[in-house]
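Trainee: Once you have looked at the hints, place chain W on chain S.
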Amino acid sequence: KQEVTQIPAALSVPEGENLVLNCSFTDSAIYNLQWFRQDPGKGLTSLLLIQSSQREQTSGRLNASLDKSSGRSTLYIAASQPGDSATYLCAVNWGTNAGKSTFGDGTTLTVKP
Amino acid sequence: DAGVTQSPTHLIKTRGQQVTLRCSPKSGHDTVSWYQQALGQGPQFIFQYYEEEERQRGNFPDRFSGHQFPNYSSELNVNALLLGDSALYLCASSFDFDRSGNTIYFGEGSWLTVV
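Protein chains in written order, with my numbering: chain S, 1 to 113; chain W, 1 to 115.
Calculated directly from the structure, the hints in this document are not laboratory data.
Backbone N, C-alpha and C fix where the C-beta goes; we use that ideal spot for every residue, glycine too.
Do not take every clue at face value.
Derived CB-CB ranges, DEER-like [claimed, not checked]:
id : chain 1 : residue 1 : chain 2 : residue 2 : range
1  : S       : Val20     : W       : Gly16     : 40 to 50 Å
2  : W       : Gly28     : S       : Ser69     : 31 to 41 Å
3  : S       : Asp39     : W       : Pro8      : 11 to 21 Å
4  : W       : Asp62     : S       : Glu56     : 34 to 44 Å
With the rest of the complex left out, here is chain S (with noise of 0.2 Å):
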């Protein structure tokens, strides 16, 4: 079965530290991989996306790095702001399909000023 495990479920940091959030797959056939914040009641908005032939993606303090082989994923943050805190969802693709992803239960990160 294609399961998609985001651990730990929460995360409490101060304010400046750089973190990890982790996101593990099993069967790494993968197309690709999507990172998705969700602020409290909200909806999803996309942060990062990894096709299978890449090996990480940036944008501004985030970088998103994939490892097929071992069924992982990072989101790394850097120098963290109050404002970063939120769900962060990993969102996988096991086909070319592109609506139709499989989530992780999210890592809700909360930065403390």
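Mentor: Positioned in the frame of chain S, the structure of chain W alone reads:
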């Protein structure tokens, strides 16, 4: 450029009733997918519409049905509502297979409470 829009944003229904949720995809997108997100969990794929047909379906009962219109907008219908149907319903739009990096875009969701 309008993003994905959903309506209504919040609604309360009674067990056994029926509900219809609506979604307009991002401009230019032709594929609409629906997800259910229970509190504290990740979204779960319900089904996807392309060219006005249901193309793929997740593990949801037939009480969940949908429709796509010629302008690519979509509706999600849920019949015989159960308390367990209370969730955030998310609409996602994208291009058809293997275009534009396959990024998917989500709306703000419709919060459904069944009492």
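Trainee: Hint by hint, note whether the structure agrees.
Mentor: How the hints compare with the structure:
no.	hint	result
1	S:Val20 to W:Gly16: 40 to 50 Å	47 Å, holds
2	W:Gly28 to S:Ser69: 31 to 41 Å	36 Å, holds
3	S:Asp39 to W:Pro8: 11 to 21 Å	19 Å, holds
4	W:Asp62 to S:Glu56: 34 to 44 Å	42 Å, holds
Of the numbered hints listed earlier, not one is contradicted by the structure.
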